[in-house]
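A.B. asks: Chains A and B supply the protein sequences, listed in that same order.
Note that this note's numbering gives residue 98 to position 98 of the first sequence, counting from 1, and the numbers run on in steps of one.
Add 1000 to a position in the second sequence, counting from 1, and you land on the number used in this note's numbering.
Any given hint might turn out to be false.
Pairs of lysine-lysine, DSS-like flavour, derived with a Cα cap of 30 angstroms [as the list claims (entries may be wrong)]:
no.	chain 1	residue 1	chain 2	residue 2
1	A	Lys-689	B	Lys-1030
2	A	Lys-689	B	Lys-1324
3	B	Lys-1177	A	Lys-688
Hint data in this document are derived by calculation from the structure and do not stem from the laboratory.
All values derive from a computational prediction rather than experimental measurement.
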Amino acid sequence: MPEATDSVDLTIDYSDIEAKYQIQYDDGFDNVLVVDGLPIIDESKLERLRAKITKEFSKKGMSVKQEDIYMPWDNTAGKSKGFMFVEFKNYEDAELALATMHNHPFDTKHTFKVNRFADIERYTELDETYVEPDIEEFTPREHLRAWLADPQGRDQYVTYRGDEVLINWHGKPSQCELAYKPDWKDFLYVAWSPLGTFVATLHRQGVRLWGGPSWKPQQRFAHPLVKLIDFSPCEQYLVTWSNEPIVVPDGAIQGPQYFSPDDEGNNIAVWDIKSGDLLRTFSTQNEGDSSSGKKQMQWPALKWSPDDKYVARIIPGQTISVHELPSMYLQGKKSLKIDGVVDFEWCPLGDKDKEEASASTKSTKKIRENMLVYWTPEVLNQPARVTLLSFPSRTILRQKNLFNVTECKLYWQNQGDFLCVKVDRHTKTKKSIFCNLEIFRMREKDFPVEVVELKDTVMDFSWEPKGERFAIVSSNDPNLGNPGSGVTIKTDVSFYQLDRGKNDFRLLRTLTSRTSNAIRWSPRGRHVVLATVGSSSKSELEFWDLDFNSDDVHRKEGQTDWGSGIQLLGAADHYGVTDVEWDPSGRYLATSASAWTHTLENGYAIWDFRGQELTKQIQDRFKQFIWRPRPPTLLSKEKQKQIRRNLKEYSRTFDEEDAAEESNVSAELTALRRRLVDEWNAWRSLRKKELGEDRLHRSEENHESLEEIEVWIDEVIEQTEEVLAN
Amino acid sequence: MRPILLQGHERSLTQIKFNSEGDLLFSCSKDNVINVWFSHNGERLGTYEGNNGTVWTVDVDPQTVFLVSGAADNTLRLWEVATGKCLYTWEFPTAVKRAALNENGTQVVCITEQRMGHQCAIRVFDINRDEPTKQSKEPRYMFNPIGSKATVCAFTLTPNVIITGHESGKVALFNVKSGEEIDNNERAHSDVVTDLQMSKDWTYCITSSKDKAARIHDTKNLMVIKTYTTETPLNSASIAPNRPFVLLGGGQEAMSVTTTSARQGKFETRFWHKVFEEEVGRVKGHFGPINTIAVHPNGTSYASGGEDGFVRVHHFDDSYFKAKLYGDLEIID
């Protein structure tokens, strides 16, 4: 029988099965990479280049032997061709090298471009006839700034209480309503982006951004166990931080939006918001610096230049590293080495600068470069120093030496017009501390510096937004520095203003013996709220107006009396207040008592700028209240001026609306009350009637059952008449 | 007017009650005594001594002849108001938490605590008004409410029907004869019902609860008519006659009071508008939680007793009677 089968078999066509089970032979070039972008050299330098390349590879953790490198040679010119083949031990090593060495900067002029050997072959054999790609139908995205088109011009705010997030409109009493009730689950907290476009929630898996009128998810960033986030000022990038180092498990999804094995151990990540791509990760632990590891981390750890072009990171005592965006490479391929540097800040862009920047695309007028300021403490014989540096040119614009310095704090005015360096200085004996304010005027030639000397310790400093005034909280309370429970520190609050005539900052007024420890300027300037925050016994809010006498539009220089315009508008109290925040328009103030700090009377209140309470909500487990920020106005300067000039006309229509609203509200309220009273009265009279019937009924019953018939019967039984005889 | 401070107790107050004329105020406390005061000047008239434990509850009959008290020494006592003599003592296996007399003072209902293997029990006794020292030892009716234990109770206008408030927040109507639950509202409150007081004509009642709310119920069908939501656990609620207000009192739990200041403790009597459910005012004074509130039957004054051991009697000023809040609306009492 076996013979028979053999002979039959020959006739059967096995080709289909063979095709099915054909072994896919390895083409054998999986472990070969083509590295392009090498310098073109002649023979004399060949050995050195080979050595340099192997070193470069081994730096990134890949061992490449010299004999594994093959460099094709142009014999006619006697030079290399500028690329090479590298053979690795196996496929995995090659893949790793591809990921790490691609776009690796070899030196200032040359950058590696790495490809798989097989790919090159594949691409050369590519079919070159053009095939029209299918164009996906365009679906318009929702307008992310739709909320600005609100006909009533209301602002929004988000509240987070228990597990519930609410996004509300805030306007006139009748216009305060719920904007959206999301069903976001299991997150740490919410945060608005700086221009209000997105709201971010921090989940276990990472960050989610929501936005648009329907609050759809807009973007997500997979950073597990994220704890802190920071948006760049123009909302292009996002920085995330987690206390847990990044771990990339085997088989994790790879792609531009996910961490790769290289990122393991880092805990800061920078993301592109539009694409969702991961740009780079950093570690907060500085290598070989164990002492700083214990110190409290500064947040934001990465500081953005105001135009989103650069992001800078400080390694305390050593360097400031400035990275360019979006590539995230070191600007100029090197960091700023500054011995002993402690802190730095970018100079913010003023409205003027922004205008010039947008205008400069047309004209060639030079615009102000980015600036940053940093300070270094006293070391040996060298004095402490504050340095103003322009970037990216890296020229030092101004330096100032300071003596007996314990601590410096850098405060920019939000338009970048002034810089205040608050210097805590100690006396020779180092026993007591006093304070100097070194104020740099940034818009003048050579950046003149002026010093305000103070005897007391300054606890808080704050510039008036868009203004030339600042407020400080100072204290000479002996309890300062040893905070005990129940101790409220006595403070003084002082206002200073630039005197245009003399060109220096002069004291406007000091408010003495207060407990205020927080200054909150209205974002439009002029109004300021002084608050006592974080105290268990005091919780005052004071609403001040700094231009009470003058017409707000034309604030004149050198007005009648210095400091006479300061006026207290109102005082209020919000028990246990932890956060104080102005709305973006500077008309309302929100105060909240968050359950994260304490659990007494949690909730929030909204006040107008005069200190009148508009609403107060006491809610258990209340956590967060944040106003939605607004982007800068789109109206041109001229248009704004025109509106201001014709304010009366506009305000008339608003006044009418307000009047109508008021009468409407009161009418509605009276109607509601009338209805409630009617309902109550109806129910009461019904019960009263029943009761009356009941009582009547019962008394009748009682009457019947207990009827005692008492009859007095006088019966004359006998009547006798006796006549007494004498 | 300045409040009158009654300093006759050494420990926290448990209940205070005006008599039907309102000239006397009875107060009982954890220091085992019951005091009676002249409500108009705060002078103490006398003391009812004999209880051997916290006096949890007190009630006085409409004729101001007899007083009943329930205490932690497992007794319910009948006193003669005028002489302070203890006329009769009923004994139980557990403490008496609440006692209430009916409309004409012929019956008393009491709740005994669920403890030591004994269930929470509700008993009704007839009061022999003619020979007060001779009372029947056995209750007229007795039953054990099933489910959550009862904390407060009162007679209703319907004979043999009582209204109860429970630990679970339930408010129910019981027929004492059969022990049958006639009607209930399981979701009246979400935490312990701490007080239950009847309106002047007994057709509705107000309950307070640890769930920070007080509610007005129709005693006929247990419908919730009004709700007053505050931000603190409530211990007592009372209805002010003739004016459309209810008075609520409470504060932080007694156990956590030592860690909070008076400002945080919310130890104020709150006045709420009865119909609009809006808070209209607060009266400060106690430095501990308010345990009990009572309003004078004519609505001319009120008293509050606190964890701090004081009773504060406030006589209302003229403005209280004249103020026309929310405009000229006539509200039936």
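A.B. asks: Has the given pair, Lys-689(A) with Lys-1324(B), been kept, meaning a C-alpha gap of at most 30 angstroms?
C.D. replies: Distance of about 27 angstroms is within 30 angstroms: holds.
A.B. asks: Does Lys-688(A) sit within 30 angstroms of Lys-1177(B), going by the straight-line distance between their CA atoms?
C.D. replies: Within the cut-off at roughly 27 angstroms; holds.
A.B. asks: Mind checking the alpha carbons of Lys-689(A) and Lys-1030(B) for me, to see if they're no more than 30 angstroms apart?
C.D. replies: violated, 42 angstroms
Hint 1 alone, counting from the list given before, is not met by this structure.
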